[in-house]
Amino acid sequence: QQQVKQSPQSLIVQKGGISIINCAYENTAFDYFPWYQQFPGKGPALLIAIRPDVSEKKEGRFTISFNKSAKQFSLHIMDSQPGDSATYFCAASMGTSGSRLTFGEGTQLTVNP
Amino acid sequence: SAVISQKPSRDICQRGTSLTIQCQVDSQVTMMFWYRQQPGQSLTLIATANQGSEATYESGFVIDKFPISRPNLTFSTLTVSNMSPEDSSIYLCSVYTGLAFFGQGTRLTVV
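Chains U and L supply the protein sequences, listed in that same order. Just so we're aligned: the first sequence equals residues 25 to 137 in the working numbering. Just so we're aligned: the second sequence equals residues 15 to 125 in the working numbering.
If you're looking for bench data, these hints aren't it; they were derived computationally from the structure. Heads up, a few of these hints could be off.
[What the hints assert, rightly or not] Calculated cross-link-like contacts (lysine-lysine; reagent style DSS-like; alpha-carbon spacing at most 27 Å): (1) Lys-39(U) / Lys-66(U); (2) Lys-79(L) / Lys-66(U); (3) Lys-66(U) / Lys-21(L); (4) Lys-39(U) / Lys-82(U).
[Claimed, not checked] Facing chain L, according to a computed beta carbon distance under 10 Å, are these residues of chain U, among others: (5) Gly-65; (6) Ser-123; (7) Thr-126.
[Unchecked claim] Per the computed footprint, the stretches of chain U lying under chain L, defined by three or more beta-carbons under 8 Å from a beta-carbon of chain L, are: (8) 66-78; (9) 127-137.
Quick reminder that beta carbons are idealized off the backbone N, C-alpha and C, glycines included.
Working from the sequences, and respecting the hints, build out all of it.
The following block contains the structure:
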């Protein structure tokens with residue numbers, strides 16, 4: 025019930041294309057859904073986060089789409105660039121314990137020039 | 015946002031020894047969190063550290079192996095005790111300020 029399932033495990037996109045990563049969760053008590061970007065040797069960097077009261081949130085080239093009824097959320101990276109090549113993690117938590125996160129398995133994104 | 019500093023950034027340790035990792039935050043936070051990221055894997059929560067109380071450990075993690083201190087609202091330490099090669103991982107400190115932020119991590123190799 026605490027799991028967050030992430031797909032795909034790896035993704036290859038051409039420069040300028042759209043990268044889409046999906047996550048699904050079971051626990052309906054989750055109310056905070058962040059996405060992280062991690063480069064090798066670095067800690068996860070917060071990209072964007074959403075709460076269930078909105079269905080979409082956009083920050084620059086990054087958009088989260090949230091479907092509460094389906095218990096799914098996704099990250100869209102528009103105009104993907106080679107510098108976006110990294111591992112992306114979705115996560116979820118509940119209530120005021122916002123850093124008590126359950127993470128997805130991660131997606132290795134490669135953007136080809 | 016929050017700026018989180020971890021020390022050391024990396025270390026190579028002998029099996030059977032212990033390593034203490036420090037986490038310093040640039041603002042006062044109620045809860046600090048410690049995560050482990052095994053090679054090529056996702057992040058797993060080890061424990062939640064509240065100031066003035068015992069840390070709360072997740073299933074599979076015990077205080078004897080991962081003792082945690084939280085002496086004030088900006089600082090915490092995680093000790094990895096009696097290390098074995100299986101403890102080789104990245105250990106990450108995190109705080110929540112309305113959003114969840116992570117430090118750069120401590121890359122531990124046990125030989």
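Quiz item: Which of the stated hints cannot be reconciled with the structure, identified by number in ascending sequence?
Solution: Violated: none.
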